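Peer 1: Can you make the complete structure from the sequences, with help from the hints?
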Amino acid sequence: MKELEKNYNPSQIEDKLYQKWLDNKYFHADARRGKREGKKPFTIVMPPPNITGQLHMGHALDNTMQDILTRFKRMQGYEALWQPGTDHAAIATEVKVIDKLKSEGIDKQDLGREGFLEKCWDWKKEYGARIINQLHKLGSSADWERERFTMDKGCSDAVLEVFIKLYEKGYIYKGSRIINWCPVCKTSISDAEVEHEEQNGFFWHINYPIVGEEGRYVEIATTRPETLLGDTAVAVNPEDERYQDLVGKMLELPLTGRQIPVVADEYVDKEFGTGCVKITPAHDPNDFEVGKRHNLEEICIMHDDATIDCPGTPYDGMDRYEARKAMVEDLKKLGLLVKIVPHSHNVGTHDRCKTTVEPMVKPQWFVRMEEMAKPAIEAIKTGELKIVPESFGKTYLHWLEGIRDWCISRQLWWGHRIPAYTCQDCGEMLVAKEMPGKCPKCGGVHFRQDEDTLDTWFSSALWPFSTLGWPEKTEELEYFYPTDVLVTGYDIIFFWVIRMVFSGLEQTGKCPFHTVLIHGLVRDSQGRKMSKSLGNGIDPLEVIDKYGADALRMTLITGNAPGNDMRFYWERVENSRNFANKVWNASRFIMMNMEKAPLEQMKAYDLADGKAVPLTMPDKWILSKVNGLAREMTENLDKYELGIALQKVYDFIWEEFCDWYIEMVKPRLWNEEDETRAAALWTLKTVLIQSLKLLHPYMPFVTEEIFCNLQEEEESIMISSWPEYRKEWNFAAEEQEVETIKEAVRAIRNVRTSMNVPPSRKAKVYVVSQEEKILEIFRHSKVFFATLGFASEVCIQSDKNQIAEDAVSAVISQATIYMPFAELVDIAKELERLQKEKERLTKELARVNGMLSNERFVSKAPEAKINEEKAKQEKYTQMMAQVEERLAQLQQKA
RNA sequence: GGAGAUAUAGCUCAGCUGGGAGAGCAUCUGCUUGACGUGUAGAGGGUCGUAGGUUCGAGUCCUAUUGUCUCCACCA
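Residue numbers are given in my numbering: position 760 of the first sequence equals residue 742, and the series is strictly consecutive.
Just so you know, not all the hints are guaranteed correct.
[Unchecked claim] With a straight-line cut-off of 30 Å between C-alpha atoms, the simulated DSBU-like cross-links for lysine-lysine are: (1) Lys336 to Lys168; (2) Lys811 to Lys854; (3) Lys135 to Lys119.
Hints are computed from structural coordinates only; laboratory data are not their basis. Keep in mind that this is a model prediction, so the values were computed, not measured.
Peer 2: The structure is reproduced here in structure tokens:
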């Protein structure tokens, strides 16, 4: 046993231990081994971080939670698999690579598809590894041997398989529909990727002249005047009396010379704006629907980069906002601009680049959602899928019930290319795993593959089973699937969780996990989102560097309930670091004392396993406490209450174990003659080991380091067994007795503090009680009062013989404690203190008496509660009598 | 426009199925006791947003109301 450093120094230890775990393959889960040994599987799939990403606080929280659950289950004897990997992050990566190329003066188009993809793979190689290394720093016990990538062979095969199955089932189709277009990324994006943002804009009121009725106009209001170029109608509500006569008439569309009809459509709100709506089917989702109903032409007026595409007009080639300005000017000149009204409205922006999305009609691939959404809705309703906290189930349902078809094609190169091939001879389209040899329709042999790739989330939706080998029937899939818990932030429910659920149900017939554990965002100390633009992000690696991974992990978990956001404070990291140091020092203390321990005796105790060990009252008490703690922590971890479980082990170690038990035990350790010394050492070591194990999932490094220095039987705490509740360690009576001792000690300390007695001044302590049982407890406990209560001597008696009249006193349940402080005593002060105590007791008694004399309470409350109150009544009555007696005595003297 | 969350000590937050209000930090006062000052012993500080209701009993359940936050939504 080596002596530990005075302070815990994580940086020297963490990398070394992590390497040891890797070398010993402790993180590796094996289906065969699990089956052979009859173990139950426990599986978590890691939300794959983007290969563009750097570890941020969100990852740190997410992965800490997963690591805690995995380590807990592994110790419990499950074959625990934490399946890791990375995501190709189509748009994000493509943008990054393009930027990088630009800085080198290279254009994406010049490279060509193949060349560009090569650059993307280079990126993946470099940066995919970076984030994984950063996850190592956190202590993540994922099975890195199984690390996967959404574009590796297996995952790509799964994508192909699913695409083809869904296409054949009619769930995937290609169609020309209105989609969200990002003019910067130059790709379509799904509804989920559009963020709505309230912006201050204007309503431009414009007159459209009515054909054949000189001087008569229809006034429309628009927030996007430039789309006027694509108008193919103006709509009014069929019920609107104001415009009854207009329906069917033609209007002259300003600036274009085109004529467009007035149509009647329910979609128009009479109350809003002027009641007349310009209809631009190619550039507005509502107008698109209106256009379909009235058979209107769809005129696309924009290029992919959102510049105007209207050859022959002065606006051709202008940016959309430039064109807007120019057109408004021109309308003004024509006298057709009625007014401009400030108006705030929602603008859709691309969540990646924040560019204002342009709705466009384009041929795209879609997944039909109606049928697939149903089982996913059922899963949550029947409880097959649980979301923690439950309230997020509503968010989930609400979204699924209003779901629209999912646009899955992207005009990108980095991603899974859509497996659709068009015959160059007859135009027949085939969906197949590879390029077809011959066209079944015309016999042609020239095919061209669809240029588009799939939405990133199409492949991540398959993650829980594609990583386990699906569609092959692998042993892993059979054993580890469905997985158990999915841990993620609420911001990703729509993108990922829901899509995994319906994909899993559709492809495997099983919900991919039974529980979704949701966490919130880690915000800065002012409650703001951490973001690059604000520059308020805190780098987890910096925290690890300064305070250690354990401290970071603990900080992220303490006081955090599922689904709630939290704020990051450096002070809290400090507190976590202090706790690690506390555990370290408690261990250091124990190990220092064990060096001088009678080894044979300790070994004998170890064999007896606590059954026949001559333990003293406090030994039994702390053993009983740690036993109860094991049960409570297991319960809370099973409920995913990670924060509560951590709070419990923290309180136990710091307060019960360090501040009370260790202090109580010191006199026994210092006295080498003490026959209970070995029992104390055995208890210290045993309880420490139990505590370390319970703490290990949270603070893997410091617990491992101590564990390995403390004992020689086991090589690692992470593969040791999780403490289970044991009946033979339940000592209810001793727990009660120590509570009495603690009450007495606190009373003594209180009195001393209020009298400003320095610890150096020891005092004689008298304990007086009429209860033989109480006296007996104190007789066994004299030794504690020397250290805990600064006692020079403890006298236990059933009367007040020999006690100075002016001794200071404190009343506890069923006993009074006296300390003769002679010259220090101030009777007036003493009276004041007792008076205060009397007031407190009076209040308590009034409450208890009130309850017990309430006939309705007595008749309706559960018996246990009534008995509890009766016991309190007795206790307080008895204490009151003592206080009053003491008061009378002192008043007489004063 | 819908939906959800939240309101508890100066600050940040816990408080599970209703049974005498908790933690960390901050503040104040002690302590060079042989693990730890990254420590230790104590103290002060809360009408648990407001108003009703259910109950023997409500921070906890219900209703309304106010404030804050978030998500969803095609009002041009």
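Peer 1: Against each hint, give a clear statement of whether it holds in the structure.
Peer 2: We went through each hint and held it up to the structure:
1. Lys336 to Lys168: Holds, at about 13 Å.
2. Lys811 to Lys854: Judged against 30 Å, a Cα distance of about 28 Å means the pair holds.
3. Lys135 to Lys119: Distance of about 28 Å is within 30 Å: holds.
Going through the hint list in order, the structure satisfies each hint without exception.
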